[in-house]
Structure formats: structure tokens, C-alpha cells
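The whole structure should be built from the sequences, with the hints applied where relevant.
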Amino acid sequence: MLEATIAQDQRLDEASASMQVVGFRLAQEEYGIEITRVQEIVLMGEIIRVPQTSPFIKGLINLRCAVIPIVDLRILLGLSEQDATDETRNMVVNVRGKTLGIIMDAVSEVLPVSNDQMDPPPPSVAGLRMEFLTGLMGLGSHLLILLEIGKLLSAEDHTAVNTNSSPAS
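Sequential numbering from 1 applies to the sequence shown in this note's numbering.
It is possible that part of the hints are untrue.
Claimed, not checked - Across the chosen pairs, the derived CB separations fall in these ranges:
no.: 1; residue 1: G97; residue 2: V50; range: 20 to 30 Å
no.: 2; residue 1: P51; residue 2: Q20; range: 34 to 44 Å
no.: 3; residue 1: D116; residue 2: I75; range: 33 to 43 Å
no.: 4; residue 1: R49; residue 2: G138; range: 34 to 44 Å
no.: 5; residue 1: P112; residue 2: E87; range: 17 to 27 Å
Unchecked claim - Calculated cross-link-like contacts (lysine to aspartate or glutamate; reagent style DMTMM-like; alpha-carbon spacing at most 20 Å):
no.: 6; residue 1: K98; residue 2: E148
no.: 7; residue 1: K151; residue 2: E34
no.: 8; residue 1: K98; residue 2: D119
no.: 9; residue 1: K98; residue 2: E34
no.: 10; residue 1: K98; residue 2: E40
no.: 11; residue 1: K151; residue 2: E30
Treat the hints as calculated values from the structure; they're not laboratory data. Don't be surprised by glycine CBs; every beta carbon is placed ideally from N, CA and C.
Below, the structure is given as C-alpha cells:
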């Protein structure tokens with residue numbers, strides 16, 4: 001009896017376990033990335049274009065003497081490109097031990113999310129493959145698509161990002 005109660009308590013703890021998610025807009029949809037992946041969010045500044053790089057790499061920025069590759073998530077996800085606005089931001093994230101910036105249309109808010117609020121992703125959401133998704137969460141009349149940022153970049157994409165960053169001189 002005691003073992004069953006302990007097992008039930010563990011399941012409840014896992015269901016109510018929480019994390020914080022940074023919500024952002026991209027092509028009129030709400031996405032989120034676990035806050036532990038986010039280093040900071042910065043205004044869009046000058047992006048230095050680098051010839052002969054992957055199309056999703058928009059270029060490089062110098063952020064406090066660190067050269068950071070900037071990835072356009074719209075291109076990576078197969079969405080149409082859009083010019084930067086006053087709300088456009090770079091989210092500086094850590095992926096596989098590498099720092100990179102991700103362009104987003106706007107940052108919305110930091111949300112506390114518990115596992116029991118998340119629904120598992122269906123096989124395909126808006127053209128995204130399931131391995132990119134951690135889950136979906138209802139936010140009023142719309143959904144938040146929680147991305148697994150570490151899986152968005154394939155091995156080749158990660159190599160392309162690695163070859164386009166280095167310490168600033």
C-alpha cells in the first residue's frame with residue numbers, strides 16, 4: 001500500500017514538474033524555448049553577412065567582443081522571410097555547447113509551464129517534424145509550440161554554425 005502511494009506521488013510530482021519557457025512570435029505563431037537554453041535577448045543590430053554560408057545563417061554579430069552566428073529560424077523552418085521591425089529581436093541561446101543568435105519577430109513573455117499543461121506533439125505541426133517539438137500548450141485561443149532548439153539544427157547545420165563563429169579580435 002505504501003509503495004503504491006509513493007509511486008502515485010512520484011507520478012504527480014512528474015506531472016506537475018515545471019519549467020519556464022521564453023515565448024516568442026514567428027510568422028504569426030507562438031513558439032517557446034526552455035529558458036535554460038536562453039542566454040539573453042538583444043535588439044537587432046548590424047548583422048555582417050558572410051558569403052557562401054548556409055541560407056539560414058544570416059551572418060555574424062559582435063556581442064561584447066564575442067562573434068556570434070545569427071540563424072534565421074524562419075528559413076530553417078521553411079517559413080517566408082520578413083524584414084526586421086522594431087519588435088524583432090535576437091535570442092542568444094546555447095546549443096550543444098555553442099552560442100548562437102536566433103532571429104524572432106517578437107518576444108512575448110516568460111511563462112511557467114508544468115508538464116501536465118503540455119500535450120504531446122502530433123506527428124506534424126505546421127510542417128515541423130516531431131523531433132523538433134517538445135510539446136504544445138493551449139494559451140487562450142491559440143497554441144504555444146515548444147521547440148527543442150538542440151534538435152532544430154542537423155549535424156550539417158551545426159557544422160555550418162561552428163565554422164562561422166570565433167572570438168572577435
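We went through each hint and held it up to the structure:
1. A hinted range of 20 to 30 Å for the beta carbons of G97 and V50 is consistent with their spacing of about 21 Å.
2. Separated by about 38 Å at the C-beta atoms, P51 and Q20 satisfy the suggested range of 34 to 44 Å.
3. The given range of 33 to 43 Å is respected by D116 and I75, whose C-beta atoms sit roughly 34 Å from each other.
4. For the pair R49 and G138, the supplied restraint of 34 to 44 Å holds, since their beta-carbon distance comes to about 39 Å.
5. Between P112 and E87 the C-beta distance comes to about 23 Å, which sits within the given range of 17 to 27 Å.
6. A C-alpha spacing of about 15 Å is found between K98 and E148, which places the hinted pair at or below 20 Å, so the restraint holds.
7. Restraint check for K151 and E34: satisfied, since their Cα atoms lie roughly 13 Å apart, inside the 20 Å limit.
8. Between the alpha carbons of K98 and D119 the distance comes to roughly 29 Å, so the proposed pair goes past 20 Å and is violated.
9. A threshold of 20 Å between alpha carbons decides the hint, and for K98 with E34 the separation of about 16 Å falls inside it, so the pair holds.
10. For the hint pairing K98 with E40, the CA-to-CA distance comes to about 14 Å; that is within 20 Å, so the pair holds.
11. Restraint check for K151 and E30: satisfied, since their Cα atoms lie roughly 18 Å apart, inside the 20 Å limit.
Against the hints set out earlier in the document, a violation occurs for number 8 only.
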